[in-house]
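Those sequence lines, one after another, are chains A and B. Each residue of the first sequence is one higher than the last, beginning at 1 in full-length UniProt numbering. Each residue of the second sequence is one higher than the last, beginning at 1 in full-length UniProt numbering.
Derived by calculation from the structure, the hints in this document are not laboratory data. All C-beta atoms, glycine included, are put in the ideal place defined by N, C-alpha and C. Please note that the accuracy of each hint is not assured.
[As the list claims (entries may be wrong)] Here chain B is said to cover these stretches of chain A; the calculated rule only asks that three of the stretch's residues, wherever they fall, bring their Cβ under 8 Å from a Cβ of chain B:
hint	region
1	235-241
2	481-487
3	514-526
4	575-586
[To be verified] Which chain B residues stay away from chain A? Per the calculated CB distances, all over 12 Å, these:
hint	residue
5	R3
6	I4
7	L5
8	V8
9	I19
10	C20
11	D24
12	E25
13	M33
14	R35
15	E36
16	G51
17	P52
18	G53
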Amino acid sequence: MTPRTILLAPIDPVHDVGLKMIRRGLKEAGHNTILLPPDLPPEEIIQEIINKRADTVLLSRTLGYGVAEILARFVDLADALGVRERVKLGIGGMAIRPELAAELGFDAGFGPGTTVEEALAFVEDREYVPEQGKRDKQKRDLTASYTYAYGNSVIAELLGQITGGILAWVQNKTSPGVLRARAREELWDVRRWRGYGKMTEFLKEYPGLCGEMTRNFYLKGIMHPKTRRFTREEVAALENYVSKTKERMTVPGLQHSLKKPMVFNQYGTGCPFMDTGHIKVSEAWGADGVIHFDPSWGARTEGFMDGFLTHQEDGTVITPANLNRIKQSLEPGTLWQIRAHRGLNTPETAVLAGKFQADFTKINICYGALGAGTDPARMTVDGVAAIKYAAKYGLPFDIVTNEELCGVPAHKAFAGMLISCALGLRLGGKPVLQPLFCYSPEVMVEGWMKDNYVDFNVAKVLALRRIIDAPLWPGAPIGFLTHTEDRIQSSASTAYHASLAAMLGVDAVTIASSDEAYSGGPISAPSKVDTLRAVGEGFRFFGNMKLEPSPQALEWSWQIEEDIAKVLRQVSERGDFVGALYDGILGSREDGAYPGRNGKDTVMNV
Amino acid sequence: MSRILDRVMDGMDIETFIICVSEDEGRRLTLQMFREMGFTDADIVFIQFQGPGVRVRARAYVHRPGDNYGWLKAGPVEGDVK
Numbered sequence: 001m002t003p004r005t006i007l008l009a010p011i012d013p014v015h016d017v018g019l020k021m022i023r024r025g026l027k028e029a030g031h032n033t034i035l036l037p038p039d040l041p042p043e044e045i046i047q048e049i050i051n052k053r054a055d056t057v058l059l060s061r062t063l064g065y066g067v068a069e070i071l072a073r074f075v076d077l078a079d080a081l082g083v084r085e086r087v088k089l090g091i092g093g094m095a096i097r098p099e100l101a102a103e104l105g106f107d108a109g110f111g112p113g114t115t116v117e118e119a120l121a122f123v124e125d126r127e128y129v130p131e132q133g134k135r136d137k138q139k140r141d142l143t144a145s146y147t148y149a150y151g152n153s154v155i156a157e158l159l160g161q162i163t164g165g166i167l168a169w170v171q172n173k174t175s176p177g178v179l180r181a182r183a184r185e186e187l188w189d190v191r192r193w194r195g196y197g198k199m200t201e202f203l204k205e206y207p208g209l210c211g212e213m214t215r216n217f218y219l220k221g222i223m224h225p226k227t228r229r230f231t232r233e234e235v236a237a238l239e240n241y242v243s244k245t246k247e248r249m250t251v252p253g254l255q256h257s258l259k260k261p262m263v264f265n266q267y268g269t270g271c272p273f274m275d276t277g278h279i280k281v282s283e284a285w286g287a288d289g290v291i292h293f294d295p296s297w298g299a300r301t302e303g304f305m306d307g308f309l310t311h312q313e314d315g316t317v318i319t320p321a322n323l324n325r326i327k328q329s330l331e332p333g334t335l336w337q338i339r340a341h342r343g344l345n346t347p348e349t350a351v352l353a354g355k356f357q358a359d360f361t362k363i364n365i366c367y368g369a370l371g372a373g374t375d376p377a378r379m380t381v382d383g384v385a386a387i388k389y390a391a392k393y394g395l396p397f398d399i400v401t402n403e404e405l406c407g408v409p410a411h412k413a414f415a416g417m418l419i420s421c422a423l424g425l426r427l428g429g430k431p432v433l434q435p436l437f438c439y440s441p442e443v444m445v446e447g448w449m450k451d452n453y454v455d456f457n458v459a460k461v462l463a464l465r466r467i468i469d470a471p472l473w474p475g476a477p478i479g480f481l482t483h484t485e486d487r488i489q490s491s492a493s494t495a496y497h498a499s500l501a502a503m504l505g506v507d508a509v510t511i512a513s514s515d516e517a518y519s520g521g522p523i524s525a526p527s528k529v530d531t532l533r534a535v536g537e538g539f540r541f542f543g544n545m546k547l548e549p550s551p552q553a554l555e556w557s558w559q560i561e562e563d564i565a566k567v568l569r570q571v572s573e574r575g576d577f578v579g580a581l582y583d584g585i586l587g588s589r590e591d592g593a594y595p596g597r598n599g600k601d602t603v604m605n606v
Numbered sequence: 001m002s003r004i005l006d007r008v009m010d011g012m013d014i015e016t017f018i019i020c021v022s023e024d025e026g027r028r029l030t031l032q033m034f035r036e037m038g039f040t041d042a043d044i045v046f047i048q049f050q051g052p053g054v055r056v057r058a059r060a061y062v063h064r065p066g067d068n069y070g071w072l073k074a075g076p077v078e079g080d081v082k
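Starting from the given sequences, assemble the full structure and let the hints guide the process.
Okay, structure coming up:
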């Protein structure tokens, strides 16, 4: 390529940093550059263009006042002196909008955020193509580098005793949820289903294992009142939207120079179409993964409906068709989690997550039983079955500890999390610990975080790291109960928590949108962009900086570790995990945890 | 020709500062402003009153989950790039 002669001029009193950066890029690409000092009048700049025989001119303007007048005068003069027709004119800077540049007769206008590469492409008369790397986000196994070795032998031994007891207890037990999962596993083939093959055997058995609402759906065609099927026209329009959007997609990362944490956000507007729209927005603004959020009634309902269904309230109904469409809409590098952590469909959700090749599921027996309304005995039987399916499909599962939001102290929630983790390990699974990064009721009541939202969250991570070498994925979402309806505050708070997580070297975080605290309507797409942008900015700001834990954080971490061991000892001494859940050892009524009633008396002996 | 509003994915937020004497007045004026603009499904997401007036963000939902989304079937709008 023939080197060009480019004259760069800040048509501005002082600001020329952007032009200097572009000049460096042009020089590195082999072009000749002349950088004029700031604040020259248009006449002098044009004279220099003529004197230096420049073939390309790049002007910059940062200050907004009088911008249109100055630039118009420049172009008029360039025209009058015959310069305009033989040089290519580009203008950039904070005050420039492409529309203004085009209106004034410039060949290109570069607004805020222009890269050196974009300017170089303009100079070299080629189309600007964003970096290839941005299109190729690779999935990573966040469990890969962990040994799951225990660093606290007392806790390890207690967990061994407790999980041994749980596995012995569930051995001869089953439930409608476990039986449905088995039917889905053995009689429902995803490839045949995708090819519109009949599922006669499955449909003969499955409705009989469902609750009334779902059975009515299969046997009488009665839909849940808040749901409807999509029309053919709607489906065709969605397919068109997805394929056209995918053609334009790039998938930037938020981490800058960091390797982790990966950033997840949830979708679950109720409608898989709107979810798809939100997912594409999240991917385009840097989310590494998305999490399927199902409706709360789904956790209380025995069985899943079928078909491509939309739902008018929060939470997107789990059906094979909904999962299939959402899966198809994802970019290849986007991680996908389908939550199975609570409710009466936990094992079947893990099976569907496996069959639709999700990357993660979410299972926590204690949270499901104490914070999400499922009967402890049922949740234990179903939870163990779900963990087995997750292991079979190689699905890592995070163990969420949102019972803290009910008021359960962190050490009790963590004891429960470690029990599910130990069960996962015994059953060949890949568990991921999910401490809540939040302003939890426990610390509010104790007044521990009045002006410091860091120490207690740091203490949680330090304690867990000493106990076991396992991946950490704070959530869910980070910053819970610190968000307000103000999107600036909410986004900032999310970014602070994400940055804290990054400084602690955790593997992933789940973030909320800036609508987290707004309850007046569905979450909007711009609110997802808000927090993704804020988190990216946080990661850039702190970079590779590491956090030095304060003495208070260390002290609390030892206390948490000690208290976890005490709780596990109580559970072990109780000799009955389900009894321990009912008794409140892992979270009591006084704390704010209540053993769930959904699915009570549905556990059957085999 | 489609309406540009059909392309709005879900809600349209307006953020501004309204001169008023109380949060109640700010709230009333904001919702009235949305009605004058022709939006019926509007709500205040965030509002904060201090002496000079309210900092407010209000939202009109153009498409709620489960609706028929204009952006899925939107044709060209005036001024579209061909």
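Here is how each hint holds up against the structure:
1. Counting residues of the region 235-241 of chain A whose CB lies closer than 8 Å to any CB of chain B gives 4, which reaches the minimum of 3, so the coverage claim holds.
2. With a threshold of 8 Å between beta carbons, the proposed coverage of the region 481-487 of chain A by chain B holds, since 4 of its residues qualify and at least three are required.
3. Note: the region 514-526 of chain A has 8 residues with beta-carbon separation from chain B under 8 Å; the three-residue rule is met and the coverage holds.
4. Here the region 575-586 of chain A counts 0 residues with a CB under 8 Å from a CB of chain B, which misses the bar of 3, and the coverage is violated.
5. Distance check on R3/B: its Cβ is at least 16 Å (rounded) from any Cβ of chain A, clearing the 12 Å threshold; non-interface status holds.
6. With 12 Å as the threshold on Cβ separation, the claim that I4/B sits away from chain A holds: the shortest Cβ distance comes to roughly 16 Å.
7. The non-interface label for L5/B is consistent with chain A: the shortest C-beta to C-beta separation is roughly 14 Å, beyond 12 Å.
8. At roughly 9 Å, the least C-beta separation between V8/B and chain A is not larger than 12 Å, which violates its mark as non-interface.
9. The claim that I19/B is not at the interface with chain A holds, since no C-beta of that chain comes within 12 Å of its own (minimum 20 Å).
10. Listed as a non-interface residue, C20/B keeps its Cβ farther than 12 Å from every Cβ of chain A; the least gap is roughly 18 Å.
11. With a least CB separation of 17 Å from chain A, D24/B remains clear of the 12 Å interface cut-off, as annotated.
12. Once the 12 Å rule is applied to beta carbons, E25/B is consistent with being away from chain A; the minimum gap is 19 Å.
13. With 12 Å as the threshold on Cβ separation, the claim that M33/B sits away from chain A holds: the shortest Cβ distance comes to roughly 17 Å.
14. With a minimum CB-CB distance of about 17 Å to chain A, R35/B clears the 12 Å threshold, and the non-interface call stands.
15. For E36/B, the shortest C-beta to C-beta distance to chain A comes to about 20 Å, beyond the 12 Å cut-off, and the non-interface label holds.
16. For G51/B, the shortest C-beta to C-beta distance to chain A comes to about 18 Å, beyond the 12 Å cut-off, and the non-interface label holds.
17. The claim that P52/B is not at the interface with chain A holds, since no C-beta of that chain comes within 12 Å of its own (minimum 17 Å).
18. Against the 12 Å criterion, G53/B stays outside the reach of chain A, whose nearest CB is about 16 Å from its own CB.
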